[in-house]
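**Student:** These are the residues of each chain, in order.
There are 2 protein chains.
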Amino acid sequence: MSPSSLDELIEALRCLPGVGPKSAQRMAYHLLQRDQRGAARLAVAMRRALEVLRHCERCNTFSEDAICPRCVNPRRDAGLLCVVEMPADLAMIEQTQSYNGLYYVLMGRVSPLDGVGPRELKLDKLLARATDGSVREVILATNFTNEGEATAHTLATLLAARGIAVSRLSRGVPVGGELEHTDIGTIAQALVERRSL
Amino acid sequence: MSPSSLDELIEALRCLPGVGPKSAQRMAYHLLQRDQRGAARLAVAMRRALEVLRHCERCNTFSEDAICPRCVNPRRDAGLLCVVEMPADLAMIEQTQSYNGLYYVLMGRVSPLDGVGPRELKLDKLLARATDGSVREVILATNFTNEGEATAHTLATLLAARGIAVSRLSRGVPVGGELEHTDIGTIAQALVERRSL
Chain A
1 MSPSSLDELI EALRCLPGVG PKSAQRMAYH LLQRDQRGAA RLAVAMRRAL EVLRHCERCN
61 TFSEDAICPR CVNPRRDAGL LCVVEMPADL AMIEQTQSYN GLYYVLMGRV SPLDGVGPRE
121 LKLDKLLARA TDGSVREVIL ATNFTNEGEA TAHTLATLLA ARGIAVSRLS RGVPVGGELE
181 HTDIGTIAQA LVERRSL
Chain B
1 MSPSSLDELI EALRCLPGVG PKSAQRMAYH LLQRDQRGAA RLAVAMRRAL EVLRHCERCN
61 TFSEDAICPR CVNPRRDAGL LCVVEMPADL AMIEQTQSYN GLYYVLMGRV SPLDGVGPRE
121 LKLDKLLARA TDGSVREVIL ATNFTNEGEA TAHTLATLLA ARGIAVSRLS RGVPVGGELE
181 HTDIGTIAQA LVERRSL
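Protein chains in written order, with full-length UniProt numbering: chain A, 1 to 197; chain B, 1 to 197.
Rather than coming from a laboratory, the hints here were simulated on the basis of the structure.
Incorrect hints may appear among the rest.
Claimed, not checked - Quick look at which bits of chain B chain A covers, simulated, 3 or more residues with Cβ under 8 Å:
(1) 2–10
(2) 28–35
(3) 62–75
(4) 110–121
(5) 155–164
What the hints assert, rightly or not - Cross-link-like lysine-lysine pairs, in silico, DSSO-like; alpha carbons within 27 Å at most:
(6) A:K122 - B:K22
(7) B:K122 - A:K125
(8) B:K122 - A:K22
Predicted, not measured: the structure shown is a model, and the values here were computed from it.
Using N, Cα and C, we set each Cβ at its ideal position, and we do this for glycine too.
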C-alpha cells in the first residue's frame with residue numbers, strides 16, 4: 001500500500017555500502033521529510049559525478065581530466081611511484097608533506113574472499129606504468145592489514161621480476177606511541193626491523 | 001587536488017542521517033568504483049520521489065495522490081483513527097491484520113531537544129482531521145519511548161479538550177515474554193494495567 005516511488009527510493013538507497021532495509025527506510029523518510037534540498041543536491045551531485053569522473057590514465061585515481069593535474073605537475077619527482085589502495089590513502093600521504101613523487105591508486109586490494117585477484121585489480125595497468133621508463137623506485141604503501149600485505153607481496157613479486165626497485169613503508173611503533181600501550185605484534189616488527197643509529 | 005565533482009558528491013552524501021565525512025567518502029568511492037548502476041538508479045529514484053511524493057491530505061503519510069488509496073478505501077472503518085509517528089509504524093500495525101480503521105501519520109514526535117513542538121508537528125492538521133465528524137475514537141499508537149509518550153500525552157490533552165474519545169495501545173509483557181527476562185519497568189506497568197478476567 002505504500003507508494004511505489006517511495007519503495008523504489010528505499011530500495012535504491014540500499015546500494016550504499018552498509019545500508020540495510022531499516023536504515024534505507026530511515027534515510028528515505030529523513031530526506032523526504034526533513035531535507036528535500038539535500039536530497040535534490042545529492043541527486044544532482046551523483047549524476048554529475050557519474051558523468052564527469054573517470055580514472056586518470058596514469059595514476060588511476062578519480063579525475064575529471066584524462067590525466068589528472070598531479071600527474072602532469074612538472075615539479076613532482078617522476079622517478080618515484082607510490083602505490084596506495086584508495087584515494088583517501090593518497091590524501092593522507094599528501095598531508096604529510098614529505099613526499100613529492102607520483103602515485104598509483106589501485107582502487108582496491110587483493111581480497112580473495114571478495115573475488116578480487118590481480119586480474120580484477122587490473123595490475124597490468126600498474127605494471128605498464130611502472131615500466132614506462134620514468135620510474136626508478138616503486139614505494140608500496142598499501143595498508144598493513146592482511147589484505148594490504150597480500151597486495152604488497154603480490155606487487156613486490158611482479159615488480160621485482162621486471163627489475164624494478166621496490167620498497168615498502170616501514171612498520172613500527174607509532175610516533176608518540178608508548179610501548180606499554182602498543183600491541184606486541186607491532187613491537188615484534190619494530191624489533192625485527194630495528195635500524196642502526 | 002581532488003576533482004570538485006567528487007568532493008561535491010562526498011559533501012552531498014552527508015545529508016544522509018548518520019553519515020559523517022569518513023562514511024561519505026567510503027560511499028562515494030564505492031558508488032563510483034563498484035556500483036555506478038546503483039548510483040544512477042539512486043539518483044533517478046531520488047529525483048522521482050521528490051517530484052511525485054507528497055503528503056496525503058487526510059492521513060499525512062507519503063502518497064502519490066492527493067488522498068492515498070487507504071484513506072479512500074470504503075471497506076475501512078472511518079470511525080477509528082490510529083495515530084502513529086512514522087509510516088514504518090503504520091506498516092507494522094497493518095501487518096498485524098487486526099486493525100481495519102484509518103490512520104494519521106505524524107511524521108515525527110514531540111522532541112523539545114530537537115526543537116520539535118506541537119507547532120512543528122502541525123498537530124492542527126490532526127486536530128482538524130479528528131474533529132471532521134467521522135471519527136468516533138482516536139487510538140494513540142506513538143512509541144513507548146519518552147518522546148513518544150510525551151507526544152501521546154500532548155495529543156490526549158488536546159483531543160480530550162475537543163470531546164473526542166482517546167485510547168492508547170496497552171503496555172505490558174510482550175507476547176512470548178518470560179518475566180525473568182522482562183525489564184522491571186514493563187512488569188510494573190503490566191501490574192498497574194492488569195486486566196480482570
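**Student:** A separate judgement is required for each hint: does it hold in the structure or not?
**Tutor:** Now the hints, each set against the structure:
1. Residue count for the region 2–10 of chain B with a Cβ under 8 Å from a Cβ of chain A: 7. That meets the three needed, and the coverage hint holds.
2. Restraint check on the region 28–35 of chain B versus chain A: 7 residues with Cβ-Cβ distances below 8 Å, three needed, restraint holds.
3. Counting residues of the region 62–75 of chain B whose C-beta sits closer than 8 Å to any C-beta of chain A gives 6, which meets the bar of three, so the coverage hint holds.
4. Residues of the region 110–121 of chain B lying with their CB closer than 8 Å to a CB of chain A number 0, which falls below the three-residue condition for coverage.
5. Check on the region 155–164 of chain B: 0 of its residues sit with their Cβ under 8 Å from a Cβ of chain A, so the three-residue criterion for coverage is violated.
6. Taken as a hint, the K122 (chain A) and K22 (chain B) pair is honoured in the structure, with Cα atoms around 26 Å apart against an allowance of 27 Å.
7. Straight-line distance between C-alpha atoms of K122 (chain B) and K125 (chain A) comes to about 59 Å, which puts the hinted pair past the 27 Å bound.
8. Distance hint between K122 (chain B) and K22 (chain A) is fulfilled; the C-alpha atoms sit about 26 Å from each other, no more than 27 Å.
The structure shown violates the earlier hints numbered 4, 5, 7.
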